[in-house]
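Enquirer: Chains A and E, in that order, are what the protein sequence lines are.
Residue 68 in the numbering used here sits at position 68 of the first sequence; the count goes up by one each step and never skips.
In the numbering used here, each number is its position in the second sequence, counted from 1, plus 1000.
The reader is advised that the hints may include incorrect statements.
As the list claims (entries may be wrong) - Derived Cβ-Cβ restraints for the label pairs, each shown as a range:
id	chain 1	residue 1	chain 2	residue 2	range
1	A	307	E	1167	49 to 57 Å
2	E	1222	A	146	22 to 30 Å
3	A	83	E	1196	22 to 30 Å
4	A	170	E	1031	40 to 48 Å
5	E	1183	A	9	31 to 39 Å
6	A	30	E	1191	52 to 60 Å
7	A	266	E	1002	45 to 53 Å
It should be emphasised that the hints constitute simulated quantities derived from the structure, not laboratory data.
No residue lacks a Cβ here, since even glycine has one placed at the ideal position from N, Cα and C.
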Amino acid sequence: MSILIYTESEGGKLKKTAFELASYASAIATQQGSSVTAVAINANDAEELGNYGVHKVLTVSDDSLNNFSAKKYASIIQQTAEKESASLVIVGSGSNDKFLAPILSAKLNAALVPNVVELPESISPLKVKRTAFTNKAFAMTEVDTEKAIIALSKNSFGLKENSTAVTSESFSPSIPEDASSVTSTDKVSGKVAIADAEIVVSGGRGLKGPENWNLIENLAEVLGAATACSKPVSDMGWRPHSEHVGQTGKPVASNLYIAVGISGAIQHLAGVNSSKVKVVINNDADAPFFKAADYGIVGDAFEVVPKLTEKLKEFKANNA
Amino acid sequence: MKILVCISHVPDTTSKINFTDGDTKFDTNGVQFVINPNDEFGLTRAMWFKEKQGASVTIVNVGGPETEPTLRKALAIGADEAIRINATPTDGFFVAKELAKVVSEGNYDLVIAGRESIDYNGGMVPGMLATFTDANFVNMCIGLEIEGTSATAIREIDGGKETISTNLPLVVGCQKGIVEEKDLRIPNMRGIMMARKKQLTVLEPSTSESHTKIASFEKPAAKGAVKLVDKDNLDELISLLHNEAKVI
Ligand SMILES: Cc1cc2nc3c(=O)[nH]c(=O)nc-3n(C[C@H](O)[C@H](O)[C@H](O)COP(=O)(O)OP(=O)(O)OC[C@H]3O[C@@H](n4cnc5c(N)ncnc54)[C@H](O)[C@@H]3O)c2cc1C
Ligand SMILES: Cc1cc2nc3c(=O)[nH]c(=O)nc-3n(C[C@H](O)[C@H](O)[C@H](O)COP(=O)(O)OP(=O)(O)OC[C@H]3O[C@@H](n4cnc5c(N)ncnc54)[C@H](O)[C@@H]3O)c2cc1C
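Using the sequences and the hints, build the whole thing.
Expert: Next up, the structure:
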């Protein structure tokens, strides 16, 4: 059995998720006594995949592929899968992966298992766990086709270094026409909306006044997070009503919710409880929020938050 | 323009998720079903095409008779007619195969589907359907304009958006943004009355092929106690958030 991974790059550099896919594929290959091949499009650093257990890299370089095209990319992955006789193709969960994966599935006649969060329980037949019902459940999915595509959820496996002798080969696929073309790209660097945010940083009355909101904004900025607040904070006009979260405000269902100087009243919690991971920073160890949180720091926000922001900056710089 | 809107019938977002039959089946007991939210945005966009540019809007669902109230609701919002493929789908591949047949036979110019269903979260039906019917495809569509046979679509990408120029026939996987929350329509009495008289065609499935099955379901483990981190050891918090919680 041969495993193929599609490793995404941006501006010539592999994305972090590429190394997570490599780590995941390598763990399967080790169990199965097989090898991992990666296909990378317009990436200049594809050999680095060898640090995460990839044996062979197929590099495709073509200026006509600088703009993402799901149709072209899916076709290239299909061609490499056929060339390598891959029975398992692994892709990520970014917006481009989500665009190309179903096309690839239809072209390869390979089952697509999305939102995968663990290593397969068995390989033949392929049985693997994925999320369902918007993270309210897991579904052990069994594949009936000979070939399969696993779309791995971001951050579900992590990076595992595994230095491997890697060979690199350039590959020139035939590139199909695509009637769709990207005419402009617009990357937003401004504010993140609460509903769309992976991470929300929220402030309460414990921050004492609107003049202190730079604490919240700076922390949110390093995390690429949206900013939010408790009801009294918006009622007092410290923050706009659009930031009020809770039972009578906006619901929050982010991956990470960081509550600073918020007591954790039931009406507040009702609206934010569906966030996956909750962190609370409060100087009162008895604040009710600690019972609803995953991680907590008992401390003064004015001391803790700036320090945390600095440390996260360093962390981000090292993990970009 | 002939528009087909794909409607997935899903549990309301507030539903309690439970399983029966030894955790192999979703327990529908007491569950309220609704139009998949992404599809509701798509349906509203279809209504705008109909009202502003002239179009016929057909809705389709692959599902058993229990999905008919959901289809009637979509008709009450303003779709012209409905098709139900009478089958209990097992995966997105099966659904896409069945829909492909409807699309080919009906010669639709534009197929509007949701980016993802909120039940099985497959995110696969629209892309497969586009490929099976040889149509252009835009996923995560948050804006769509059509003039003649040309289309301009806006797609959400990681960290922003891009504009795509393409042609009909087209399939889009849409989400909030193609219209806004405030644009969504609640069926009124007249709509509900009219919906009763609209055509709802039931067709039998043409295949029984699927790619996957679900062996069992499982619920996430109950939340444990809070982990307290010392305020002078913030590296530990970052490490926990990164390695254990995997959220940064
Ligand atoms: C019908 C109804 C609906 C409501 N809906 C909502 C809603 O949707 N959303 C909402 O948020 N609330 C809602 N509330 C209000 C809710 O009951 C609480 O009053 C409110 O959430 C409290 O906001 P808070 O946590 O910011 O303030 P407080 O309860 O005053 O808490 C401030 C916290 O900050 C901590 N603190 C103080 N100084 C510091 C410091 N230096 N460092 C760190 N921590 C510090 C304190 O220990 C305290 O825990 C509703 C109430 C009712 C009756
Ligand atoms: C009683 C019952 C039991 C089911 N059991 C299972 C099961 O065990 N496993 C399973 O995978 N599925 C099951 N389904 C089907 C499921 O509801 C989905 O239709 C199907 O799995 C596709 O989901 P997806 O998440 O891959 O769709 P996605 O690809 O995420 O859906 C994207 C879009 O495709 C369109 N679409 C999706 N499904 C349909 C549909 N059925 N009809 C019309 N348009 C659609 C919608 O526009 C939707 O927004 C069952 C359905 C019923 C009625």
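Enquirer: Take the hints in turn and mark each one as holding or not.
Expert: Comparing the hints with the structure gives:
One distance hint, 49 to 57 Å for the beta-carbon pair residue 307 of chain A and residue 1167 of chain E, holds here, with the actual separation near 55 Å. Between residue 1222 of chain E and residue 146 of chain A the C-beta distance comes to about 39 Å, which lies outside the given range of 22 to 30 Å. A beta carbon spacing of about 56 Å between residue 83 of chain A and residue 1196 of chain E contradicts the range 22 to 30 Å that was offered as a hint. Restraint check, residue 170 of chain A to residue 1031 of chain E: a C-beta distance of roughly 53 Å breaks the suggested window 40 to 48 Å.
Roughly 37 Å separates the CB atoms of residue 1183 of chain E and residue 9 of chain A, a value that falls within the hinted 31 to 39 Å. Taken as a hint, the range 52 to 60 Å holds for the pair residue 30 of chain A and residue 1191 of chain E, whose Cβ atoms sit roughly 59 Å apart. The given range of 45 to 53 Å is respected by residue 266 of chain A and residue 1002 of chain E, whose C-beta atoms sit roughly 51 Å from each other.
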